[in-house]
Amino acid sequence: MPQTLFDKIWAAHHVADTAAGAALIAIDRVFLHERTGAAALRSLAERGRRVHDPARVFAVMDHIVDTRPGRGDSTLMPGGEAFITETRAATRAAGITLFDVNDRDQGIVHVISPELGIVLPGVTLVAPDSHTCTQGAFGALAWGIGSSEAEHAMATGTLRLKRPQTMRVTFTGRLAPGVTAKDMALALIAAHDAGGGAGHAVEFAGSAVRELDMEARMTLCNMATEFSAMTALIAPDVQTFAWLAGRRYAPAAFDDPYWATLRSDEGAVFDRELAIDAATIAPMVSWGTSPEQSVAIDAAVPQGPARAHDYIGLAPGQRIAGTPIDAAFIGSCTNGRLSDLRRAAALLKGRRIAPSVRKALVVPGSAAVRRAAEAEGLDRIFTDAGFEWRLSGCSLCFYAGGEGFAPGSRTVSTTNRNFEGRQGPGIRTHIASPETVAASAIAGAIADPRALAAEAAA
Amino acid sequence: MTPVTTITSPGVPLIRDNIDTDTIIPSREMRSTGRTGLAAGLFAPWRYTDADRRIGDATFVLNHRDAIGTRLLLGGRNFGCGSSREHAVWALREYGIECIIAASFAPIFEGNCIRNGLLPVTLPLDVVRSLAWAMVTIDLPAQEVRASGRTHRFAIDAEAKAMLAGGLDAIDLTLTQADAIAAWTAADRAARPWVYPEPASS
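Chains as they are written, first to last, in the working numbering: chain A, 1 to 458; chain B, 1 to 202.
It is worth saying that the hints were derived from the structure and are not from the lab.
The hints are all genuine.
Some chain B residues judged to face chain A by a derived CB distance under 7 angstroms, without partners named:
{"no.": "1", "residue": "18"}
{"no.": "2", "residue": "20"}
{"no.": "3", "residue": "27"}
{"no.": "4", "residue": "77"}
{"no.": "5", "residue": "78"}
{"no.": "6", "residue": "84"}
{"no.": "7", "residue": "106"}
{"no.": "8", "residue": "108"}
{"no.": "9", "residue": "112"}
{"no.": "10", "residue": "115"}
{"no.": "11", "residue": "171"}
{"no.": "12", "residue": "180"}
{"no.": "13", "residue": "181"}
{"no.": "14", "residue": "184"}
{"no.": "15", "residue": "195"}
{"no.": "16", "residue": "197"}
Keep in mind it's a predicted model, so treat the numbers as computed, not measured.
All C-beta atoms, glycine included, are put in the ideal place defined by N, C-alpha and C.
Assemble the whole structure, with the sequences as input and the hints as a guide.
Below, the structure written as structure tokens:
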């Protein structure tokens with residue numbers, strides 16, 4: 001019987017059934033960060049349990065590390081240093097590979113895991129971080145879990161799982177210029193709700209997905225958790241294997257016939273199928289307090305829950321473009337990679353952000369991204385435009401009580417969540433692509449990047 | 001873990017869609033690597049007019065006098081979406097919540113509930129609404145929610161039910177299958193050697 005890619009990976013990792021009919025699924029990789037991983041390691045140690053195979057567990061400091069140059073363990077989050085020092089001690093005690101605060105391989109977990117070839121096609125990878133689905137872009141089954149499940153995975157090498165249903169989301173056709181993977185993700189969630197993927201492992205397919213480069217595929221898969229899917233994955237292809245080959249933990253070559261089997265068979269049946277014509281997608285921006293509350297940048301704010309309108313301060317019928325902003329943020333596991341920075345820099349080159357934009361940050365997704373961007377001179381473009389150029393980390397994707405935006409700020413951000421208070425109490429967040437953030441920072445208001453791109457090309 | 005059997009409590013309605021774990025426990029309220037000391041930060045953005053000084057917002061439902069000591073929270077669609085932070089469930093449990101009845105749950109949050117003895121029950125939104133402020137009995141063995149003379153059956157995955165009803169420790173249970181895991185791993189090591197890096201030198 002034809003199988004989906006998910007079916008194949010699931011079957012290949014099925015160790016046994018549990019007494020109540022769940023599956024015991026082998027876990028190939030566990031990745032921890034200091035924010036939730038320290039809790040898992042501490043609890044594991046307190047209960048006297050050992051890590052099953054420390055060589056397949058990795059940890060990184062990304063969530064609350066300071067991103068200002070010259071950083072050490074101290075962080076602006078009150079009490080934050082303890083998360084860093086405890087994670088360091090616990091990983092050392094457990095024999096787990098740690099990418100420390102100032103390590104040259106440090107970065108956001110979902111940026112560095114691919115960079116180092118830790119995620120591979122066909123593997124199962126879990127992390128106590130909801131955006132682990134990002135790594136499904138490589139054809140891995142990668143998903144976010146809680147700390148208790150991380151403990152379970154480390155202690156047993158498995159997880160007890162109920163088999164999810166499968167969904168295929170096919171993006172047909174071709175994206176218009178200036179429209180990105182971020183816009184695809186927001187268009188999907190806006191059309192099918194933030195809970196629309198619940199209970200499903202989603203495979204992204206279709207011509208518009210094939211045409212995405214690896215970094216854009218990561219952006220698309222990253223937002224699967226905002227769709228409440230268990231995870232998303234994209235079948236590996238020539239591009240995937242070329243991208244990974246030779247990285248530190250990856251094979252030098254992917255010539256084993258096994259690799260070619262990692263795709264959904266012709267005629268494989270999914271429990272649910274959705275199709276979206278990529279050509280109809282415009283640059284998207286969120287208007288409310290859930291990613292499902294997103295609209296095309298040239299559209300008006302629709303009628304939504306009163307609470308969302310009140311929080312964000314935009315009335316139904318109002319045009320979203322032209323809304324004044326106070327801050328801009330480029331970075332995160334969604335859009336903090338080199339290609340994201342390149343595309344933002346292309347629009348910012350030779351321009352200045354509006355004086356009304358009081359805080360503008362670029363936070364590279366990893367130390368490697370930062371080095372590569374500097375080698376191309378992107379840092380100068382950003383700083384000349386008025387952005388701060390930071391060290392890598394999760395930074396202001398969320399507010400941890402340390403650094404924040406000015407009270408009452410309206411931000412436009414390349415991050416993944418526009419929840420109430422996500423970037424700080426009362427902060428109003430609009431999520432969008434790097435292009436849209438760059439164009440908006442220049443305009444001092446939410447702006448369509450396509451006009452600026454046309455100008456830049458002229 | 002304490003086994004979950006029957007819970008009786010007033011249903012405190014917080015029936016909004018997409019209640020996220022950042023709101024249930026903001027990052028700034030997660031002040032240690034432990035699992036405790038979180039109840040005071042539960043729903044901090046909504047529960048307090050001034051979270052730093054812990055000045056309560058009288059309009060928030062958990063501050064209602066009939067909500068004091070509740071064990072049951074009612075939610076809307078996609079409850080617990082967003083961050084995987086298990087602190088959201090730890091905070092709810094520490095506060096005293098033992099069951100959430102919602103129209104649907106986000107998957108990581110639901111899994112975290114099950115690992116911490118917090119019963120997630122999914123019922124249609126109109127049924128959830130009908131439970132607001134009623135005295136509700138949730139009967140896990142019978143898979144029933146009873147209130148105001150009406151009985152609503154709910155579905156729950158057999159594994160989740162067994163874990164909650166038995167108060168079982170998942171790791172202990174899985175380690176009873178350690179032989180099967182070892183055999184699988186040995187075979188896999190031969191089949192997919194690239195999955196098994198050499199241990200880091202220390």
